[in-house]
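Protein chains in written order, with this note's numbering: chain G, 1 to 371; chain R, 1001 to 1297; chain P, 2001 to 2293; chain A, 3001 to 3416.
No lab work stands behind these hints: they were computed from the structure. It cannot be assumed that every hint is accurate.
[To be verified] Only pairs whose alpha carbons sit at most 20 Å apart, straight line, appear in this in silico EDC-like list of lysine to aspartate or glutamate:
1) G:130 to G:101
2) R:1019 to P:2119
3) G:119 to G:175
4) G:177 to G:193
5) R:1064 to A:3407
6) A:3149 to A:3175
7) G:178 to G:116
8) G:112 to G:124
9) R:1019 to G:256
10) G:167 to G:153
11) G:308 to G:256
12) G:151 to G:28
13) A:3098 to R:1047
14) G:130 to P:2072
15) A:3149 to A:3343
16) A:3225 to A:3239
17) R:1019 to G:54
18) G:358 to G:175
19) G:74 to P:2183
20) R:1064 to A:3410
[To be verified] Ranges of calculated distance between the beta carbons of each label pair, as one might list FRET restraints:
21) A:3130 to P:2058: 56 to 64 Å
22) R:1291 to G:224: 45 to 53 Å
23) R:1015 to G:237: 43 to 51 Å
24) R:1087 to G:39: 41 to 49 Å
25) R:1015 to G:10: 42 to 50 Å
26) G:10 to R:1283: 38 to 46 Å
27) P:2025 to G:128: 41 to 49 Å
28) G:20 to R:1191: 42 to 50 Å
All values derive from a computational prediction rather than experimental measurement. Beta carbons are placed, not taken as given, at the ideal position from N, Cα and C, and that holds for glycine.
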Amino acid sequence: MGFLDIRNATKSYGAVEVLHNVDINVEEGEFLVLVGPSGCGKSTLLNMIAGLEDITSGDIAIRDRVVNGVHPSKRNIAMVFQSYALYPNMTVGQNITFGLEMHGVPKPEREKAMAEVAKLLQIEELLGRKPGQLSGGQRQRVAMGRALVRKPDVFLFDEPLSNLDAKLRVDMRTEIKKLHQTLGTTIVYVTHDQIEAMTLSTRIAVMNDGYVQQLGSPKEIYDNPANLFVATFMGSPSMNLIQVKLRVEAEAAFADTTDDQGGKVSLPVCGASAALKSYKGQTVTLGLRPEALTDVEGADHRSDHVEKVQSMVTVTEPAGSDTFVTTTFGGTNCVARMRADADVHPGQRAEFAFNMEKAVLFDPKSGKRIV
Amino acid sequence: MAARAEADLRTRLQNWIPKLVLSPSLAMIFVFVYGFILFTLYLSFTDSRMLPSFGWVGLENYSKLWRLSHWEISLTNMGIFAGLYIVVCTVIGLMLAIFLDQKIRGEGVLRPLYLYPMALSFIVTGTAWKWFLDPGIGLENTMHLWGWESFSFNWIKDRNYAIYCLVLAAVWQTSGFVMAMFLAGLRGIDNEILKAAQMDGASNWNLYRRIIIPQLRPAFLSAFVILAHLAIKTFDLVIALTGGGPGRATELPATFMYSYTFTRNQMGIGAASAVIMLMTIAAIMIPYLYAELRERK
Amino acid sequence: MAAATQGTAIRTGRVARTFIYLVLLLFALFYMLPLYVMLVNSVKPLSEITGGGMMNLPEIWTVEPWRKAWSEAQIGVQPTGLKPYFWNSIKMVVPAVAMSTILGALNGYVLTKWRFRGDTILFGLMLFACFIPFQIVLIPMARVLGVLGLAGSTWGLVLVHLVYGIGFTTLYFRNYYAAFPTELVRAAQIDGAGFFQIFWRILLPSSGPIAVVSIIWQFTNIWNDFLFGASFAAGNGAPMTVALNNLVQSSTGVKEYNVHFAGAILAATPTLLVYIVAGRYFVRGLMAGSVKG
Amino acid sequence: MNKTYKHLKLSAAALALSVGVAQAADVEVLHWWTSGGEAAALNVLKQDLEGQGIGWQDMPVAGGGGTEAMTVLRARVTAGNAPTAVQMLGFDILDWAKEGALADLNATAAAEGWDAVVPEALQAFAKHDGKWISAPVNVHSTNWVWANKAVLDANGISAPTTWEEFVAAVETLHDAGVTAIAHGGQAWQDATVFDAVAMSTGGPDFYKAAFIDLDPTALGSDTMKEAFDRMAFIRDHVDENFSGRDWNLATAMVINGEAGFQMMGDWAKGEFLNAGKVPGEDFLCFRFPGTGSQVTFNADQFAMFDQGGPVSAEQAALASAILSPSFQSAFNVVKGSVPARTDVSDEAFDACAKQGMKDLAAASASGNLFGSMAHGHAAPASVKNAIYDVVTAHFNGEYDSATAVTELVEAVSIAQ
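Isolated chain G, as found in the complex:
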């Protein structure tokens, strides 16, 4: 039994079910990120935790108290909104203490709490201003201050960084992480940005079409995606997916595909399970992250399963730290992540190193990973 329990929660609007039997337990101090494309139900779920949307069936419990039907203000939660939702007619100080005021906290205490939060977030000099006079980053801090001052059981963040420019977003991301580490608070955080999900979370729930596709630590999600959706959604550039034919020879399994010229490429699959072998002779999807497809020099030396294959380079995209190289395997475009100084040129063939230890295979029909 967790700190925040979501048990079999379902949400329907009329006859349309938008959230299907969600089960998540969040431990105290955990940083759970709900990630997924827009319309996947992540914000609905957050709003249900907040009490802003009714729960159609199932339960949500905070500290073992079922909060279905409990007013948002009685759940001891705080929320940071995408638009920050700062009250435009109040000063920053009033914004921060409004919640305390509504809960009947006496003025001196409110002032004290406000001062602490302002210090923590370094917004002391902004307290007398109106939200209209603040920059995006400042508004973001005020919004967090408003949440922090309540000392809630659970913090809810609804895409809090999506209105910031790229640089600020990275800074604020770090700041949020730091706050979480300092204060040890329990956080549920909604985003559509998989990098935010990866960097911030202790656990991620990837959602799509109202289902939780996979719940796990960032590493689990990244390395062992449960299905094709998770595989492609997480990671940038996204995972290369190559249609391969599974060939089983005695204990070993091979994924057969072609290079850019139609030449045969056979990649040994390491640690083939019985389940995998049952796909013998069938077409399956081979998933390989760009960083597992590199130039030879850049290949992971600890890996014993590096396969080298020649193929034509179509596009190179130097990104400073790395160079992304596009080529073709099995008729699909694949992106390889090479070292910045790798000697590759569009229109020339180059040698690609496949780190097969990192390869995952999916059933192309169900999209599920073959374990």
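Since the structure of chain G is provided, determine the placement of chains R, P and A on it from the hints.
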């Protein structure tokens, strides 16, 4: 298993308060608007004359109504009046709004000048308008005094043209208001789009025709609703300017209804005409409301 | 909102600008005309008016008609002028405008921020109610007011204007609040603010522009109403328009046009003032809400 | 008693404690006399009552010759809050009497002998079912012609007494370049002229058959067509701008010598007098040509609304004050009309009024006193307005006389 917290009192109250807050307004609307409409519908089937009475006469009032050339005239007039009024107000309103939007010096003075007629009822301005339109003392006379002897403006006296005088005065009253609505719409348009279009080499004319005016759709719709509603309710204007004359040339359904219900003691026929008016309004407004409200959902 | 005073980015040439100024000025003259006629004739002696020349400036200027219209013109059997009726109107208009605006704001708030099944239909019904011709409600309304014991009282009139005004005020506020970020309401809910606290502390302080539109609209309509005022007010409680009508429409006897004009302007002063004082915010308010469909 | 009103009255009685019915010893009077002279005259009545300790709550609603006031009255009665006394005309009184809404004034009438002094044709509108239900204030006669004496003299015209003479006079003026007839093109003014023209064309029996008995044969007769033709003649001899003009502006045209004649009720006299004109010297008043011995009239009366019991002392006092010879004289001198009782001294009146009083007495005695159709004393409001529609449409050239006759028959039948 955790204790199940029942929806607390406050939460349940919070669910009811919005409906409670809305209910007095709804109750008032249902009684004073829809209740009265039903009452009027009922009256239209009765032999009510001076006061409501409840002798059922079926459709007699309707058949009488359609035999009255008076009623036909007021319907035709409504068509002419409403059509012209809405179109002219929209055109003038839009033109003034576009012109005022050209960084005009003195906009602050002009805007209230255009708007103020909306503040005045025709009980107030009726006499002035009557004078102004009267060839004997008004514009025509003034022009003659100023030396333009051949000037002629006697529409109000001509039963074929008097209805246009109503349009003129009505346009005077509301076109400024329409201007304000369009101006608000224009000010809401993103200037970057305009800059982009200018770089694309669009002439001012094309800019307005192809880019700006299409973006004013909401303003057009709001203007239409307000103008249609004012056109249908036009009553004071007719009473103040022409009294329905010359002859019956400027009777409108609202004056018809009033006259049959109150001055002619034929409340049944008055109610029948009201029902037909309401049905007409409904026929125009319900599709509009349906489209508008569904879209926004 | 500074946008309300700035024009478009479009450039126009010198000739075009001259033309535009010309048209704008012409229309300004057109709009001013009736007011000019009223003003100029209200400061003439009657003999000058009957002598013709309605556009001419007075030869002898006089404020006598104004004084007469205000304090000693014959409205009923006693020469009271319009003065007492002015206060009657104020007593009716202020509560009616205030109540219809507040109710409209609350309705708009509920219909946008506390949506429930069927709310759109209810709103549609409220909106359609704006179109009811007032002539048909006179008799049933009289009956209801009689039953409620409000016949012949100022509160009866306030009720009538409230009923037929909330459709419009609700429309204005609903469209305005539709553009108001719902997240603010949610944030306030989480902060523990209740239904009315959210309305009072969060929405209302930001409702200035649309409140101006609603107040202007209601004030003008209610102040200018004649039909209800004449039918539902008792004699000495009659509003300004009824008194003005009694002054202007007297059946027989000499028509003192200069007094009539002075009276008409007097009767229109409050609405004119409202337009002049609040007019600056009017376009702003329309921008902020009511033209967004 | 009509059911509708009874129903209303019951609830009115139930509410009487909480609302509306004027406080004891007060009368609330709904009227539309708001112009200076009228209101001043009414003030006489007010002071009379106040002398008896009865307060006067004024409820003036001007507009449309009383139509606004009638609308308000209906709202007030429907609300169960009827005024104590209401100024009313002709059929309105009878309609309300039929609803059982009016108080019985028989006691006052008997005590003061109204039956003997009020002309019988007028009693027809003041009594219902043998009971007095209203107190007549005055009698206006509507078939007057007002003429500018100087204009007539200049063209060698004397007051015409027959239609032919009138035609000749009008044409003389027309040829002299003077607007022959001053007229205001409003439905009630058109109808006022039509009243006199019809009386002149067809005589009193025709008038009665057409407008009072609403006999379709009379309405559709050739005589009626002839009347419409005469209207067309009049239409041809009014000025260009007649449409929509107020009657007093038309009167001003006669006063200023811009026009020769105006056909209008006796209230027009006030305009002449106010302009400092002297009857017989500056202007002439005479009956419409061909109606020399007839008088068409309308009469303002005050009806007392039944306050849920016998007539109240205040109402009786008001009624009695209205019929008192002193008030009748004082009021009518100002108003231009003649007293509703025939025994009032004509001492205070001017020449035209003296003439009017004589005519009234004579017409009443000879059975030549008829209610004016145009002013709601011949037929109910619905019929009156239906006739207005046709007369005004014809007058404004919407259709010819033959069509007008057919339309008239149709319109009257729909309105009944």
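Handout entry: Hints breached by this structure
Key = 9, 10, 14, 15, 16, 18, 25
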